[in-house]
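So you can see what is in the structure, the chains are spelled out below.
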Amino acid sequence: MTAPYGSTASGAALVVSGIGVVTPWTDQPEKAAVSDRPAVPGQWFDHRTRLGPRGYKYLPPASQFFLAAAKYALVDADDDPARHPAEQRGAAVGTNSSAVALHDGMDRTVLEESADALSPVAAPYFSINLFGSRLATEHGLKGFNLTLTTPRVAGLESLETGARAVAAGRATWLLAGATEEALPEEQPGHGSSERGAVALVLEPADAVRARGGRAYGRCQVSSHFLAPASAASAEGPERARRLIDRGLAGWGGAALGEAGAPRVIAVVDGSAVGRAVVSAVGPSAAVAAAGAGALEPLLQVAAALTELTAPVLVVASAPGGNLSLALLTPAP
Amino acid sequence: MHEVLITGLGAISHLGCGADAFWHGLQRAESSPNKVIDPHAHMPIPLMYSVPEPPVVDVPLDGGDSRVPLGLASRYAIEGARQALADAGLGEVPTDRTAVVIGTGMGDSGLHEQWRTQGRPEGDQWVPVFSVASALGAWLGAEGPVTSISNACAASGFGLSAAADLIRTGVADVVVAGGAEAYSRVALACFNRLGAVDPERCRPFDAQRGGTVFGEGAGIMILESAEHARARNAPRVYAELAGEGWSCDAHHATAPEPAGTQIVRAMRAALEQAGATADEVGCVVPHGTGTELNDVVESRALHSVLGDRAGETPLYSLKALVGHTGGAAAALGAVAAALVLHHRSVPPNRPVEELEPACEVWLPEVATPLQGRFALVNAYAFGGNNVSLVLKEAGV
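Here the protein sequences come in this chain order: A and B. Numbering of the first sequence is given in numbering that gives the first Met the number 0, commencing with residue 0 and proceeding in unit increments. Numbering of the second sequence is given in numbering that gives the first Met the number 0, commencing with residue 0 and proceeding in unit increments.
Calculated from the structure, these hints are not laboratory results. Owing to the predicted nature of the structure, the values given are computational and were not obtained by experimental measurement. Check before you lean on any hint, since a few could be wrong.
Claimed, not checked - Computed, partial: chain A to chain B, Cβ under 7 angstroms: (1) Tyr55; (2) Asp79; (3) Pro80; (4) His83; (5) Asn95; (6) Gly104; (7) Ser113; (8) Val120; (9) Asn144; (10) Pro187.
In this text, a Cβ means the ideal position worked out from N, Cα and C, and glycines have one as well.
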C-alpha cells in the first residue's frame, strides 16, 4: 500500500506560511487562477499606493510587482525579522520576461542614438537579477538571493532550488516566487504575456506551529526534462508520464491514475511537450493555458494552497523541454 | 552525503576553444581585447575579449513544432559540454540521472538583438531569452533537472553550487554544469553608460584600472558523484568541488558593501564546508574585475579570511586574460582552479603595471608551484550576490 503524500514529513519540513499575489485582475490568492481574467486597461499598478510615496518610481515594473507581492506575503505570514537572523533569510525569484521590454527599449536607443542616451538609472537593470535585488535590500535578506530564468518553470524552480538551499543549511527561511512583465507588443507571444507576481513565504513547520501561525501546506517541487524531439515522438506521452511518476515516486506517493493520486493541474501550451503532458496526465486533469513566462504555474500554486484539503499536483512544461512538478500537501 | 568530483572540463574563451587551449593560453599570459564585430555598437568603448572563432554547433534540435534557434551562448554551452563529456569519457550518459545547470547573465540576448536589425524569423511563439540550459538539455537528452540561473556575474558560481547540491541530495549522478556568456549589445552599452568599461583592457588590481572589459565564453564541468565515477572507472578526476558559500550584501544595487562582511562570510562558509584551513589554500581565483571598489573590498576580505597567509597566497587573476565573462566567469574560474590543482602549478599572471596600493595581494608573474590542497574561487554580482567555491585536490 502506498503511503499518503507527506506522511513522513518532519517538523523541519518547509511549509508555506504566507502568500502574496499581484495581478491586473486580483490580489487575492484564491482568485489568482480564475479563468475569467478581464483585460485591465491603463495603469493598473500604482507603485506609490502599493509600495510607498518615494523610492520606487524608477524600478522596472516587474521589480515593483515582486516587491508588492512580497510585502503582502510577509504580512500574511505575520513575519517578524527577529525570528530568523538576516543571514538565515534567503530569497529566490523566477522570471523569464521581466527584462524583455526594457532590453528592447534600451537596444532601440543604442541603435537609433547611442549608449550615451540610455538612462543611467535604468542601465543596471540590463542584468535580470536586479529585478529581485531590491527585495533583499529592503527586507535585509542576507542568506542568498537567487534568480532563476528557466523557461516557464523558473518560478517553480525558485521554490525547489531555494528549498534545497535551506536543506543545505544556507538559510532557515525562504521567500520565493515569480514575477513577469508583458512582452513588447510587436513580439510574438505578446498575447500570452504575463504581468504580475506571486511571492510565498516558507518556514519550517515546527516554527510556524510554535508561534501559532497558519500553514497553508507544503509545496515540494521536482524538475525534469523531456526533450522536444522525444515529446514529439509516438512515445512522447508515455515518456512524460514516466517522468511525472518518477517525481511522484520520489515523494513516496501514488502514481498517476492510482488510488490516492493527487488532483492534477497542468499548465501547458500547444507545443509537443505540452501535448505529451496533457496526454500523460489524462482527461481528469485540469488544464490551464500557460502564459509566455513563469508566472502561471505560481498562480495555480497560490490558488490551490488557499483551499488545500488533499494533495494537488501542479505540472508545468515549456516547449523547450522543461517539466516541473509541484506537489502541494496539507501541512503536517 | 555524496562527494562531488570534477571529471571533465570544457572551456571556450578569448584564449581559444578547449581546456588545453585555455591552459596553454594561461601559460602565455598575453591577450588584449578587440573591438566588437557589430556595426550597431554605438557606444564610446566597444571593447570585448571575444571568442576568436565561435564554434559551429550543428545539432539537431528539431522538436517537431518546437525548433529552437540557437544563439551564441547556447552554442558555447553545447560546445563546452561536448568537450567536457569527451574529456570525462562519458559517451553514453544515463539520461534519467543526468541534470544540467547553466549560469548565464544575458542568455541568448544576442540572438534577439540580431533579430532587431536583421528581422525576426517567422513564428507566433516567443523565444525565451534564457534558453541556454534548455538547448543543452535537449542536445544532451537529459531527463533530470535542466536549470538556468542568472545571478549576473556570479551566475555560474551559484549554478555549480546548485549542481553540487543535486548530487549531494541524490537527485542526479552526473550534472553538466557551468556558465556561458556571449556578446550582448545591450549589456555592453549599459556598462558603457555606467562608466564601468576600461578603455584599454581588463586590469584587475592595477592602480590605473578604469573598470572592467567584458569577455565571451563558456566554462563547462562534468560534476559526478564519487560513487558513479568509481563505478565507471572515470579516466581522471581533476578535483573535488568540496565547499560552496553563498551570501547577499543586501546593501546596494551595483556597489559592494564596503566592509565586505558578506563576501567574507561566503568564503568562510565554503572553506568550512570543504574542511580547509587558511594555510591549506594554495591559490585564489578572485572575482577581481578591475572595477575600483570591488578589487579593494575583495583584497581586504581575503586578508580577513586568510589572515597572515593572505600576502603569500598566490592569486590567479583570470579576468586580466579573458575579460569579465559575466555569467560564465565563475565557471571559467573554476575550470582554471581545477587545472591548477591538476597540474599543481599556478600559471603566471599577466603583469600588473602598477599594483593598487590598497590591494595587498600577491600576483606572481611566473609559474608558481602549488602549495596547498585547496583552491578558492570567488564570484560577485550586481545586487550584492556573492558565492565562493572551494576545490580540493583529487584523491586527498
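Now the hints, each set against the structure:
1. The beta carbon of A/Tyr55 is not positioned within 7 angstroms of any beta carbon in chain B (closest approach about 13 angstroms), and the interface hint is therefore violated.
2. Hint status for A/Asp79: violated, given a least beta-carbon distance of 17 angstroms to chain B, over 7 angstroms.
3. Given hint, A/Pro80 at the interface with chain B, is violated; its Cβ is 12 angstroms from that chain's nearest Cβ, farther than 7 angstroms.
4. A hinted interface residue such as A/His83 counts as satisfied when its beta carbon comes closer than 7 angstroms to some beta carbon of chain B; here the least separation is about 14 angstroms, so the hint is violated.
5. Hint status for A/Asn95 relative to chain B: holds, with the closest Cβ pair at about 5 angstroms, below 7 angstroms.
6. Below 7 angstroms, beta-carbon pairs count as interface contacts, and A/Gly104 has none with chain B, the closest being about 10 angstroms; its hint is therefore violated.
7. Among the interface hints, the one on A/Ser113 holds; its C-beta lies about 4 angstroms from the nearest C-beta in chain B, closer than the 7 angstroms criterion.
8. The beta carbon of A/Val120 is not positioned within 7 angstroms of any beta carbon in chain B (closest approach about 10 angstroms), and the interface hint is therefore violated.
9. For A/Asn144, the interface hint holds, the least distance from its beta-carbon to any beta-carbon of chain B being 4 angstroms, beneath 7 angstroms.
10. Checking A/Pro187 against chain B by beta carbon gives a least distance of about 5 angstroms; that is within 7 angstroms, so the hint holds.
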